[in-house]
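2 protein chains.
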Amino acid sequence: MSQPLTTVAGISFRHPPPLCSFLFVIVLLVATFYTLHHPDATPPHLFSPNTHNSLTLRRLFLSSASNATVSSYLHSLTRHPHLAGTKPSLDTLTYVLTHFQSLRLDDTRVAEYEALLSYPTHISVTARFTNSTTVEFDLNGDVSSSSDVVTPYHAYSPSGSAQGSVVFVNRGEERDYRALEMIGVSVRGCLVLARKGETLGRGVIVKIAETKGALGVLIYDENDGGGLGGIERGTVMRGIGDPVSPGWPGVTGGEKLSLDDDRVSRRFPKIPSLPLSLHNAEILLASLGGARAPVEWRSGRVGSSQRVGPGRVVVNMTLQGEMKMKKIHNVVATIRGSEEPDRFVILGNHRDAWTYGAVDPNSGTSALLDIGRRFALLLESGWRPRASAVAYLNVDCAVQGSGFFAGATPQLDNVLVDALKLVQDPDDVTLTVEETFKSQNNIIERLSRVDSDFSGFLHHAGIPSIDMYYGADYPVYHTAFDSYDWMIRNADPLFHRHVAMAGIWGLLGIILADEPVLPFDYIAYAEQLQAHRDAVSKLLEGKVSVDPLSAAIQEFSLVAKEVTDEAKKLKEQAYSKKDVAVAAKRRELNDRMMLAERGFLDSEGIKGKEWFKHLVYGPAAEPESKLGCFPGIADAIETNSSEGIIKHEIWRVTRAIQRASKALKGGFT
Amino acid sequence: MSQPLTTVAGISFRHPPPLCSFLFVIVLLVATFYTLHHPDATPPHLFSPNTHNSLTLRRLFLSSASNATVSSYLHSLTRHPHLAGTKPSLDTLTYVLTHFQSLRLDDTRVAEYEALLSYPTHISVTARFTNSTTVEFDLNGDVSSSSDVVTPYHAYSPSGSAQGSVVFVNRGEERDYRALEMIGVSVRGCLVLARKGETLGRGVIVKIAETKGALGVLIYDENDGGGLGGIERGTVMRGIGDPVSPGWPGVTGGEKLSLDDDRVSRRFPKIPSLPLSLHNAEILLASLGGARAPVEWRSGRVGSSQRVGPGRVVVNMTLQGEMKMKKIHNVVATIRGSEEPDRFVILGNHRDAWTYGAVDPNSGTSALLDIGRRFALLLESGWRPRASAVAYLNVDCAVQGSGFFAGATPQLDNVLVDALKLVQDPDDVTLTVEETFKSQNNIIERLSRVDSDFSGFLHHAGIPSIDMYYGADYPVYHTAFDSYDWMIRNADPLFHRHVAMAGIWGLLGIILADEPVLPFDYIAYAEQLQAHRDAVSKLLEGKVSVDPLSAAIQEFSLVAKEVTDEAKKLKEQAYSKKDVAVAAKRRELNDRMMLAERGFLDSEGIKGKEWFKHLVYGPAAEPESKLGCFPGIADAIETNSSEGIIKHEIWRVTRAIQRASKALKGGFT
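In the order they appear, the protein sequences are chains R and B. Quick note on numbering: full-length UniProt numbering labels position 510 of the first sequence as 510, and the sequence is numbered without any gaps. Quick note on numbering: full-length UniProt numbering labels position 529 of the second sequence as 529, and the sequence is numbered without any gaps.
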């Protein structure tokens, strides 16, 4: 995660696409591998797809790997903290820009945006105990006096003071407040103390506390930043994107709303919040009076003797922050395709960091810089991508620890696994990444999350996407310890995992850009939709029929089979480059496979968060959504809506799937 | 106009596209000229675009014209009244289907829809005068006892009785009610009598009367159906499309809302309305007491002695109707393109009629049937369209009288005029249609109207469109006199105008389907946008700046110039069919020109009528909109919205134009 508008290294950008015609979104998002305007200027195609050297090409790409270069990139990028909109962040812009320019790719440019960013100026938390002793907490926590890391804060938290008794609310979920009600505890007029859990983001914790009448929120993490006393920074803004350009691109000179505009002000919390170190949190926890914590809260460091308050301690939290319009930048480097000028594969990552960003996001940035270096080598050897695909390949935190993890839209499952087969496991030279992946998690996640850079590409623009990372998570997330030093001590001493990720990422780019017929598998998508349908129908316990959905998925599945056969036939003719008719058919089939995902978009979007247009994958309002798919249906069910509303949401998804079928089938209906 | 869901002859359909992903809309709307799946099955290309016979081809098409066939088609189609959903309407389906099947085009199919249609069962209007005489009006008016023409009615008017004094409200515009207020006359609790004017549709007349507290509405037309006593039928439903499938396709088996659902019920008027013959209206007008009609109302048959009521006469109107779910059908015939399988030119017209439909719509249907016949001849000669374009060519009332009239999205202005140059003027053999058009009106309208079949294609789907008709208007509109007999006596005795329209229409289809590089002129579009910008800024009298708009248009204009040069260069290479690289570039440029129009779409749509997505052309809420373009800005200005709202609407159009520029420019931004 990062501040809402952040900047990107390499072949993509971070901004959510504007709320507008999807057509434009497609035009805006399609990136890289642009055609040469003077074909005669094309170098000899040693590796052109009509020779059968694609395997050789992939081997050449893999053999050009280097952990030395990756580590040097990461070291340079993480020398200083580089929060978005600060001078050191501008330095990383220069560094990345210079790198890509030195590679002499076809085009390297900077796109400038102007966004409202949030920084802390002064924060303090003072606790007064019943024995009338007063403690002023040290809030610098993980920041050494010498360092220029930003003090731990919540971006976009309102400035001001809040004073009151403290109530411990466990994870801060709705059910936690229900549990407190049961024992007669209200948080109205109090400050709440919450421990970061798995399910809720800090923004939601604050939002729920606000609705319960709390005056302020303190959030701590039992992981204690990996036992180092790290404190998690992050945003508590609602929605994504520049707050003063809600739904459209925050370009310099574009429309900016004023802060008092409701469309802006509603995106900020009304009560202040701060992250607290485990050490400080436990001082408060120890002093709490009141009832004992509900039994079901007992876990981790919360024991049977824990009390929830209020009482025995009154806390005053004061927070001064400033919001400033800052210029931020994307770097976009493009390699032109030889055959399809307007079809693109996008490799994306952001560049700015909350602190040093060794994991988040520059492990991804350094991998992308190395991919750039290696693509440049391929170009020298005469390679040019055909660029037949449209896909977005996202890597944010490339390396957090051990074990390969990935999410994808289902039609990309197989091509992803194929790429894993070609890459050596960084932790066991005798195995491929595919072999360890299969033996370990072996689950490709679905991309309903909004906490990384694929959200705008998939949820708003309907672009088939992949998201990848090494390590399930990591303890120093958004803390001052997210540093190069931490990386080499804990996550990737020899940068083999970086190399593996760069290999997988780059290969996927090459495969998607070179295959004359897109390696999209819509049969896999159909099977996934069936599984999602079953989950919905289970949740509904037969109260509402899912028959329209079933019929639409069945049709989708039939079309998927037809298209798979059609693709197989075309692949056989695919290399006869000279034939215009074959090229036209190939292009048409590729367009259908590319546009099918767009069929899942609905211009009305998801109720209450209309910027999210994808009806299969996207954020459900309920943080504890049981479905993880069909967000509109999930919301309708989990907010106990009327049967009519649930039915309508089922119909909307039904029509979305019908649109995808029609797009995939092509022709006139 | 016709009932909201009506059926189509020929190569298109009448249904507004569904409210959903624009991508789907494109996939759904793209029609006709589908590629052969077995190129080897293609006949020898006597007229393939890479030989230079396109002019020969166009001559061959024109020489195959025949007024005899057109007139016989029209005669067969109009033998019986064929209101949508009735048996005779099904007969026209069979007739059109059989015709296209007999032509052995590549594919001819029927698409079935199920829609809620409205029919009258019993109507009566009784007037009681102060002299206590009572008159029951004869409402059959233009319907002879023998005929099976539907009695004059307003579709979707609620059933029920209304009784009250009568007030004459002139055209029924807001300003007319203001004028009545000035002389102390309120219509609350009364029935209003309105004469059909230029500006307001019957639906809006009823809507305004409803807001003023009237109990019922009687509408008459001073034209008296061309002096024949004709009475205008038509719908008073709000919005377009099947009322029980608001915003999505009304397909059989699709989602249908119940009548009591607010999204359905709000589309029907709350007070009953009926059309009245001039004869009956004047009986009421003559009997009215009360104040004299405002001076500015004096025109036509309203003289200085006219009084507005209320008083002297009480009217009871009773209306029983029924709404039924009816199956209705589109006929879609397709000719496959030889080169671009997935690019389409759509020729569209509807088929159902309020009465005999000789003008509306079957003058268009018969022309389209003849175009089909003549295309079949071209196919026999070996012609196949390349089909590079996406455009919708609409002809509803092909012939209403004399004089050629057309509307278009501006990039089609020039290709339209070029086609006119190739067609002989039906009323003067020494001239071309282009020459008379230039010497007469010489204005190409802009398509902000929603009263014909192009609305869904342009306003929702963003497809470049043309609309054409002969004759400014005609007196027997929607009356029982809209018959074959009336056509040959009044509008087109020898069917030369039908032939001319078929010639222009078919030629445009051929040109757009055959030109390797689209003949779209975006410089013309840029100039039109500048003119629209000037109109806005005049209306704003400098109160709000239009600078963002100006900048966006300037950029659009620059891109348009670049693209024009690029197109010129490509045209020179265009016929070297064997070259894959040239074909790819051509395809890519054509895609950009096709998608640029889609850039004007905004997924939020126009405020209050969100189904309309096009921000340059579309319906403004104010019926008397002064702009005729930028409906969102027009609404904001004419409803005296705050400066902030007007600014935001200007920004939305600005971004739409920027999207169009980017789509036109292509590449990555």
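The set of hints was computed from the structure by calculation and includes no laboratory data. Check before you lean on any hint, since a few could be wrong.
As the list claims (entries may be wrong) - Here are the simulated SDA-like pairs of lysine to any residue, each with C-alpha atoms no more than 25 Å apart in a straight line: (1) Lys607(R) x Asp261(B); (2) Lys561(R) x Lys607(B); (3) Lys607(B) x Glu604(R); (4) Lys607(R) x Leu257(B); (5) Lys326(R) x Arg336(R); (6) Lys256(R) x Leu257(B); (7) Lys607(R) x Ser287(B); (8) Lys324(R) x Lys607(B); (9) Lys647(R) x Val580(B); (10) Lys543(R) x Leu257(B); (11) Lys256(B) x Ser550(R); (12) Lys207(R) x Asp148(R); (13) Lys87(R) x Asn67(R); (14) Lys543(R) x Asp260(B); (15) Lys665(B) x Thr252(R); (16) Lys543(R) x Asp261(B).
Output the numbers, in ascending order, of every earlier hint that fails for this structure. 2, 5, 6, 7, 8, 9, 12 and 13
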